[in-house]
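Asker: Following the hints, put chain B in place on chain A, whose structure we already have.
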Amino acid sequence: MDQVRAYLTSQLLGNLAALLVMPILVVGVIQRVKARWAGRKGPPLMQLGYDLWRLARKRSVLSTTTTAVFQLAPYVVLVTALGSACLVPLAGGPALASFRFDFVWFAYVWGLGRVALILGALDTGSAFEGMGASREATFSAILEPALFLAAGALSLASGERELSLLLVPQVAGGAALVVWAGALVALVIVVQVEAARMPIDDPTTHLELTMIHEVMVLDHSGRELAAVQWASAIKLYVGLSVLATLMHPRTPGLPGVALHLGLCLALAAALGLSESLIARLKLRTIPQYLVVALSAGAVALLAALAMAGRLGILR
Amino acid sequence: MVSSVLLLASIPVLLLGCGLAIGLRSNATRAAAAIVSQAVASLLVLLAVVPVLTSGQALEVLWPWPAPIDRIAFRVDGLGAFFLAWSLPMTLLGTVYAVGYLRPYFVAGRNGGPHFALLNMTSVAFVLIYSAQNALVFLLAWEIAAVAAWLLVIWDYRSQKIRFAGFNYLVSTHVGLFVLVAAFMLLHSKTGSMDFADFGVFLGGDPPSLGTIYLLLGLAFALKSAFFPFHTWLPRAHAAAPAHVSALMSGVIHKAGLFGFLRFCLLGPTPQEWLGWSVLVFGAASAGFGVLYTAVQRDLKRLLGYSSTENVGIAAMAFGVGLLGWSWHQPILVVLGFGGGLLHVLGHALFKCALFYAAGTIQRATHAVDLERLGGLARRLPRTAVFFALAGLSMAALPPLGGFLGEFLIYAGLLSGAAPSREADVVLVGAAAGLAFVGAVGALSVVRAFGLAFLGTPRDAGLANLQHTAHDAEYDGSWAMSLPMAAHTAAIVAIGVWPDLALMIVQPALDLFSRHGGSGVAAGASAAGAASAAGAAGAAAAATVDTLAAQLGPVTWACRALALSLAVVLALTWRRRALSRRSVTWGCGYTAATARMQYTGSSFSAQLSSLFRPVLPVMTREHLPSEPFPQHASHLATHHVDAVERRIYEVLGQGEEFVQDTSDRIPEQPRFAFAAGLIAVVVVALIALGEGL
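So the sequence lines, in the order shown, correspond to chains A and B.
Once you know that position 179 of the first sequence is 179 in this note's numbering, the rest is easy, because the numbers rise by one and skip nothing.
Once you know that position 549 of the second sequence is 864 in this note's numbering, the rest is easy, because the numbers rise by one and skip nothing.
It should be emphasised that the hints constitute simulated quantities derived from the structure, not laboratory data.
Please note that the accuracy of each hint is not assured.
[What the hints assert, rightly or not] If the Cβ cut is set under 10 Å, some of the chain B residues that face chain A in the computed set are: (1) 693; (2) 697; (3) 723; (4) 750; (5) 885.
[What the hints assert, rightly or not] Here are some chain A residues the structure puts well away from chain B; computed CB gaps all over 12 Å: (6) 32; (7) 170; (8) 266; (9) 269.
Here a beta-carbon is modelled for each residue, glycine too, at the ideal position from N, C-alpha and C.
Extracted from the complex, chain A is given alone in its bound form (with noise of 0.2 Å):
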């Protein structure tokens, strides 16, 4: 009874809080460092809930070319990033749910959402969405080995099998420090395009010719407007709080999640920094930019070969 107690109070209670509020005010934080940084005074912190709000209440409008791939589509974009979201500690603490190899699921699970998302877009028959969806089905097949040379390189190094316990830094000595940058360079690179942010797509843009992620959407409108944003803010959240659990020791308690939700409002505070600072990379350098996170993980995994200690045998 006290462990199903303990249970409900850490794990269960935290992280839900965590996912149903940080999501809203990481992109609100982006938003208001972005605006303080261009002088001016920016919308409320939780101005993403009050658009989704708005958003849920309206009637979408259908393009007359679309089938009901393209309605369902958003939803099961949002399915997708609530599933992922199961796996990661959002509040410090454990994750939701975890077991051996989840992150193999995280990731396939990420590619449903995506394909969703393109399949969406391409119903539309538009050209700028079909341009969309092939940049994110391209991007996203140089990305996907990045994030399993990272994950395979911290689950060599620490021995662990599960997401949320192979995140957890354990640097004690040169080579294991190697593995732990190189992992979060990594997925540093995976967040950013995985969640649409700068170097690779801006979120602002107006052009669509320039767009990846936000042209997919062009034509939704509603309820699965909300339902598309709302789950790419909680991709987004996700992301951070993988790099913040990369980041920050374990502690328990309340001081965990203190540490654990300020260092993801810290992310989100660089990020919006970062996205006042420098302009989107050329579309036709962005493969480029990505075997960057290919290096950063084959060298996370050659620094886990000269990790000296204890193999970390599955039984």
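Answerer: Chain B alone, transformed into the frame defined by chain A:
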């Protein structure tokens, strides 16, 4: 004893159906004869293999035969039972599909008898290949399957292209046959017998010729299963054949190559490490090249053909992991590798057949399979769209469908960290990253195929007019064509949320491997008593069940939760659908958008193919406008050609010139870098040889 009679009784039943299909007077009765005889034979075979699947006890028959063969042994163990359990029912479904698919020919008066008879012969070949323990019978059945497949491919023999594709297949498959014959001759010369059991005794002694024999067998089976770079016949044959023949070849017949490989792995001794690594690398190459070619094809059936090369590659990667685990005495890797591989083989058979059937339905309804022309078919062929979508998502190995669990086990094996050295672990993680690349490009290929064929609007104005609507319903709604697709798709969904269904038939085969590769090896080698060996085998089998259940348990529940949420979402969206307002697609301010402006197959994969240009050559035929006022019509056509095939033809066709060109290319005054490189290669090769000798 009853089971063995049932198994062998299926052969006369199939032959009777074969005779009736040729002898009867109308196509309807010929089809009925084939379908009924295949249904009876499938039932007989299933009745025969169910005891094998439940008890794990092999089924054995000895058939006396005149000299020089002496006796023919039939033996269905877990491995044979795994393949038999789905090969015949799937061939039956393919025959049902043929009735709908070939109807335009039947209406025109074509005799379908031989075609149905050949489908029956394919089933006969399956029964023999998966049960015979005699090399001669095995070769005979192998040849029956090959020739039947050839004759099935050239159904439209009046077209020169199709005859060429068929001939190409015939030559390739016979090259494979000769290599297989050479391997069997070598084995026969060493053992003086044609019996697999004697081969097993010989191979089990780890003879010096083991490497040669494995190389020959591997080559033959790789040609059969269309591994890269022996796949060149496959895209042509799959594009030329009727849809059900492509489906059966890709999904069912070519699995015989993998079966042969697994059979000889079981006959051989504990494999050495090099075998596992070679199979892993070979599989990874096949998966990588296969998926890149899958991503750029324009022809839907060629695309699906290349995807078979990719998927056998993935299965081979899994078997490589299993073999490595076997050589390292790591039972967990044996279970994950062979278990993942067998699940993947089953999943591939299920989704690939469904996809080819859907492609055939598209071809019947639109007379086109070119992704540059198709579009918007989800409105015209709604059922086919659902089947294609589910089977396609399974091909991309996305949860919660059947294709995911096999790949999950393969990933678990690659990432398990159970190798004896850190170096090996690192290489396996690298292979997992390669598999992730294959998976992501596979997902790209699937969204490209489904999104461009079924979504949007037709890219070719000729396909856009809706005068065919009545015609469409005829195909999309025809039971003969939709029943096989529905059956395959239902199985994919069922396996995804209830993998125990698949594990039931995978388990006995897996037990064989874990018995050899796990504790059973040690028990057998230490010459322990029969009872203790059997006990160890039983313990190994029990351990297999536990390991697989432990690995698959949580992820299965995750898949179920995902499937449930998706079903809820689907139900809710469906109810709200009528409430939405309708308008046109947002054209980004441009108001004269046409269907021709949509992204096409080539443009969708253009960026990917440009990144991998060295392995994905493009053939361009162009006549571009030249003057300010062009006098002639201009055109541009691009086509991704197979690099291996082109190379073969180049070498064969221009052998002299090839040698000449190559020798011309060698500079007279070798540059320093070239010389240094050459010396380095020679030194490395010598060191490698010295290391090996």
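Asker: Now tell me if each hint is right for this structure.
Answerer: The hints, checked one at a time:
The interface hint given for residue 693 of chain B holds, since its Cβ lies 5 Å from the closest Cβ of chain A, which is under the 10 Å cut-off. The beta carbon of residue 697 of chain B comes within 8 Å of a beta carbon in chain A, closer than 10 Å, and the hint placing it at the interface holds. Nearest Cβ of chain A to the Cβ of residue 723 of chain B: about 6 Å, under the 10 Å cut. The hint holds. With a cut of 10 Å, the hint placing residue 750 of chain B at the interface with chain A holds, because the nearest CB-to-CB distance is about 8 Å.
Satisfaction of the interface hint for residue 885 of chain B is found here, the shortest Cβ-Cβ separation to chain A being roughly 6 Å, below the 10 Å cut-off. Chain B leaves residue 32 of chain A outside its interface by the beta-carbon criterion, the shortest separation being 30 Å against a cut-off of 12 Å. Separation of residue 170 of chain A from chain B is adequate, the least Cβ-Cβ distance of about 15 Å exceeding the 12 Å criterion. With a cut of 12 Å on Cβ distances, residue 266 of chain A stays outside the contact zone with chain B, its closest approach being about 30 Å.
Consistency note on residue 269 of chain A: stated as away from chain B, and its beta-carbon is indeed over 12 Å from all of that chain's, at 31 Å minimum.
Comparing the model with each earlier hint shows no violations; every hint is respected.
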